[in-house]
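Turn these sequences into a full structure, and let the hints guide you.
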Amino acid sequence: MNHFEVFGLERRLGIDAAALQRRFYELSRRYHPDFHASTSPEDQAQALAASARLNAAYRTLRDPIARIDYLVRLEEGRETKEGASEKPKAPPELLEEMFEIQEALAEARAGGLDEDTRRTLTEQRGRLLARHHEEEARLAGPLSAAWDRAAAEARPTVLAECKAALATRAYLRTVIDDLGQALGEGDEIVAHHRH
Amino acid sequence: MSRIIGIDLGTTNSLVAYVDDATRLPRIIPDSEGRGLLPSVVAFAPDGILVGDAARRQLVRRPQSTVYSVKRFMGRDYEDVKDELRYFPFKIQPGEGIVSIDVGGRQVTPPEVSAVVLKALKERAEAFFKEPVEKAVITVPAYFNDSQRQATRDAGRIAGLDVVRIVNEPTAASLAYGLHRLSEGVIAVFDLGGGTFDVSILRVKDGIFEVLATNGNTHLGGDDFDRVIMLWLLEDIQCCHHEEIVRSGLDLARDGEAMQELRLAAEAAKIRLSTEERTQLTIPFAEFTYHREITRADLERLIESLVSKTLPPCRRALADAGLGREQIDQVVLVGGSTRVPLVRRRVEELFGRPPHSHLNPDEVVALGAAVQAQILAGGITDMLLLDVTPLSLGIETLGGIVSVLIPRNTTIPTSAREMFTTSIDGQTVVDMHVLQGERELAKDCRSLARFELRGIDPMPAGLPKIEVTFLIDANGILQVTARELRTAKAASIEVKPSYGLSETDVERMVEESFQYAEADVNARLLIEARNEAETVLTHVRRALTQGGPLVGEAERRAITTAREELERARAGQDRDLIREKTTALNHATEHLAELMMDAALKGALGSRRATEIMESPSSKDQ
Numbered sequence: 001m002n003h004f005e006v007f008g009l010e011r012r013l014g015i016d017a018a019a020l021q022r023r024f025y026e027l028s029r030r031y032h033p034d035f036h037a038s039t040s041p042e043d044q045a046q047a048l049a050a051s052a053r054l055n056a057a058y059r060t061l062r063d064p065i066a067r068i069d070y071l072v073r074l075e076e077g078r079e080t081k082e083g084a085s086e087k088p089k090a091p092p093e094l095l096e097e098m099f100e101i102q103e104a105l106a107e108a109r110a111g112g113l114d115e116d117t118r119r120t121l122t123e124q125r126g127r128l129l130a131r132h133h134e135e136e137a138r139l140a141g142p143l144s145a146a147w148d149r150a151a152a153e154a155r156p157t158v159l160a161e162c163k164a165a166l167a168t169r170a171y172l173r174t175v176i177d178d179l180g181q182a183l184g185e186g187d188e189i190v191a192h193h194r195h
Numbered sequence: 001m002s003r004i005i006g007i008d009l010g011t012t013n014s015l016v017a018y019v020d021d022a023t024r025l026p027r028i029i030p031d032s033e034g035r036g037l038l039p040s041v042v043a044f045a046p047d048g049i050l051v052g053d054a055a056r057r058q059l060v061r062r063p064q065s066t067v068y069s070v071k072r073f074m075g076r077d078y079e080d081v082k083d084e085l086r087y088f089p090f091k092i093q094p095g096e097g098i099v100s101i102d103v104g105g106r107q108v109t110p111p112e113v114s115a116v117v118l119k120a121l122k123e124r125a126e127a128f129f130k131e132p133v134e135k136a137v138i139t140v141p142a143y144f145n146d147s148q149r150q151a152t153r154d155a156g157r158i159a160g161l162d163v164v165r166i167v168n169e170p171t172a173a174s175l176a177y178g179l180h181r182l183s184e185g186v187i188a189v190f191d192l193g194g195g196t197f198d199v200s201i202l203r204v205k206d207g208i209f210e211v212l213a214t215n216g217n218t219h220l221g222g223d224d225f226d227r228v229i230m231l232w233l234l235e236d237i238q239c240c241h242h243e244e245i246v247r248s249g250l251d252l253a254r255d256g257e258a259m260q261e262l263r264l265a266a267e268a269a270k271i272r273l274s275t276e277e278r279t280q281l282t283i284p285f286a287e288f289t290y291h292r293e294i295t296r297a298d299l300e301r302l303i304e305s306l307v308s309k310t311l312p313p314c315r316r317a318l319a320d321a322g323l324g325r326e327q328i329d330q331v332v333l334v335g336g337s338t339r340v341p342l343v344r345r346r347v348e349e350l351f352g353r354p355p356h357s358h359l360n361p362d363e364v365v366a367l368g369a370a371v372q373a374q375i376l377a378g379g380i381t382d383m384l385l386l387d388v389t390p391l392s393l394g395i396e397t398l399g400g401i402v403s404v405l406i407p408r409n410t411t412i413p414t415s416a417r418e419m420f421t422t423s424i425d426g427q428t429v430v431d432m433h434v435l436q437g438e439r440e441l442a443k444d445c446r447s448l449a450r451f452e453l454r455g456i457d458p459m460p461a462g463l464p465k466i467e468v469t470f471l472i473d474a475n476g477i478l479q480v481t482a483r484e485l486r487t488a489k490a491a492s493i494e495v496k497p498s499y500g501l502s503e504t505d506v507e508r509m510v511e512e513s514f515q516y517a518e519a520d521v522n523a524r525l526l527i528e529a530r531n532e533a534e535t536v537l538t539h540v541r542r543a544l545t546q547g548g549p550l551v552g553e554a555e556r557r558a559i560t561t562a563r564e565e566l567e568r569a570r571a572g573q574d575r576d577l578i579r580e581k582t583t584a585l586n587h588a589t590e591h592l593a594e595l596m597m598d599a600a601l602k603g604a605l606g607s608r609r610a611t612e613i614m615e616s617p618s619s620k621d622q
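In order, the protein sequence lines correspond to chains A and B. If you use our numbering, the first sequence closes out at 195, no skipped numbers anywhere. If you use our numbering, the second sequence closes out at 622, no skipped numbers anywhere.
Hints should not be assumed to be uniformly reliable.
Listed next, the in silico DSBU-like pairs over lysine-lysine satisfying Cα-Cα at most 35 Å (straight line) [claimed, not checked]:
(1) A:87 - B:443
(2) B:489 - A:87
(3) B:465 - B:443
The set of hints was computed from the structure by calculation and includes no laboratory data. Bear in mind that the values here come from a model prediction, so they are computed numbers and not experimental data.
Below, the structure is given as structure tokens:
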């Protein structure tokens, strides 16, 4: 049973968050081990497994990006475990800037940051963060909608676009984290806003 | 289903609660004298084991064999705790993945000490219901890791309890609040107890209590406040009474009794400063009496940096929940240390709203545990708690890097699968190392267990496909299963826990707990009467040395007679006689005590000890 099936949903990316939460609460009441505490060991084991499956499904589906990651894996028949489905890949238009950043980072690691470099890196990090949000918005918005609209033959194309966007996002995330570390800032800013 | 009780096994105090059938509300079960709080103190006296208030009175008299704050050592390795050992008067030793405490020649582990407390609560419940009680829900700090949870469950088993659920303290508290018509919305539970700190962010909706994120510090609480005050007092005494100390050759820092006296005085002063602006502190030593006034500002200066340590976990929990502070509808305070005004101020500043504590912060966790127990017993069907695992779970991969399988704040129960294979032809055993924590390197995380997947059929390298399932159950405790997919054979797994007790250890301790049973009621009362007599005798001897010249010959003779009578009674078995003679001696010395009080500088309190004044703990885990 895949995550969509757990919730009785089709493989669509447009999911109503409030409805999903309602259904999650309903199914939790059905499966949670607390409500099976005085049943047979077999029934308890089943409830435990069903509850774990439900929690995993909810965790993935409630997050618009994790949802796409999961769908990509599912469509390609890959292992559907949690986590990024795509390897980080730099978007072509950012290659030059990335090269500069990597150089500055290497310098920072070797000898610390002077004020100018710090300012430049902070600015760059800000731009990349904006780009990261943009990429996420594109994934959760137009790309998700495109997938839901696409006829069977158009789906591979949409899927490829999603994969490229996921790879870009993963790349940005890595660089932002590296920059954050070099600048001594936390990664809280890019923490998922999934609730 | 049979009755299930709810137990809050605290660092400083513990409680037991149940849900009343008639009112459907949770209630604390009092002891025969009407007390709800049971101090989490266990004294291993030569003539029997004491627990609770009786043990608490042994803290100064028998510092080496009276164990307190044992929760700090639950599920911990020697390496984890060695830095703070010097603050404890009892001797803690490294053992096989677990520490043990030397109490007068006998070695006991933290779960065994906690088991004594649990057993006392179990008996209290049995006396209350007049029937055997076998099942319990026990609370733990939300930020407890797998080893600490297992140690708590082991303690329950040693006490003869079937621990049907381990539940997180802040979430238990939210259930108790839930019963009292908590409005729906997002709540933050700030739980600062005697030794641990947790913060949990929950969404309450349609009777579902969904934890969104939790964070904390399992080594931060009122104990630490006491410690900084105590060290400050120590320094002050050494400065103010330098001459007397040098003359008498007293080494306060190494004197277990004196340090306990100081610790209890520090705790008492801290508690008073929650309601008063300033307080007087008097500690009599053999050669001198220390007196000092402490203001709330002094206290706040001392604990400021400790209180600040609670703030980053709150920010992390908010970030993990994906919420800003303005999205929190209510902030609830739990744990005795939230009575400290500075703590309240900091919480209010952080969340931008006044926190509330309508329910007694000492009792609310036990009440919530009783609610959870009632849910499990089928008595409550409209409430459900969906909790999370506080720490990421991962396995060690090449180069000592941790690969995360279950991220922190994942709703439990939850499971993750991972494939393993062999790297050498014909290999039949694969090792794996399971860790918990947020750091990248295995060496910085908590090692939970090393597993050996055995019984793999010899095949060329890389061919076997072993699927390992990691399941975190509703207790937050890990279960691991494995099978070889090519042969569909369940590989036999050997689990070597990195910390904790083995199954055989627990069984042995269950056996032993019967042998070393708590002293029975009569024996206990006799021990208590004798101890009280001893305490009074010690004070009188001291008073006669320091204040003897203040009274006349006749009065001195009367005191000496009363003293000798008590000494004789104490040697006997008649506890009523001991009590009577103790009262008589107290009476005979009243005048002397008054005179000494007058004589003492700046209103010193005379022959009574500061610990006695604060003898009955008025708050839990503060």
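Taking the hints in turn, this is what the structure says about them:
{"no.": "1", "hint": "A:87 - B:443", "result": "holds (27 Å)"}
{"no.": "2", "hint": "B:489 - A:87", "result": "holds (34 Å)"}
{"no.": "3", "hint": "B:465 - B:443", "result": "holds (27 Å)"}
The structure shown violates none of the earlier numbered hints.
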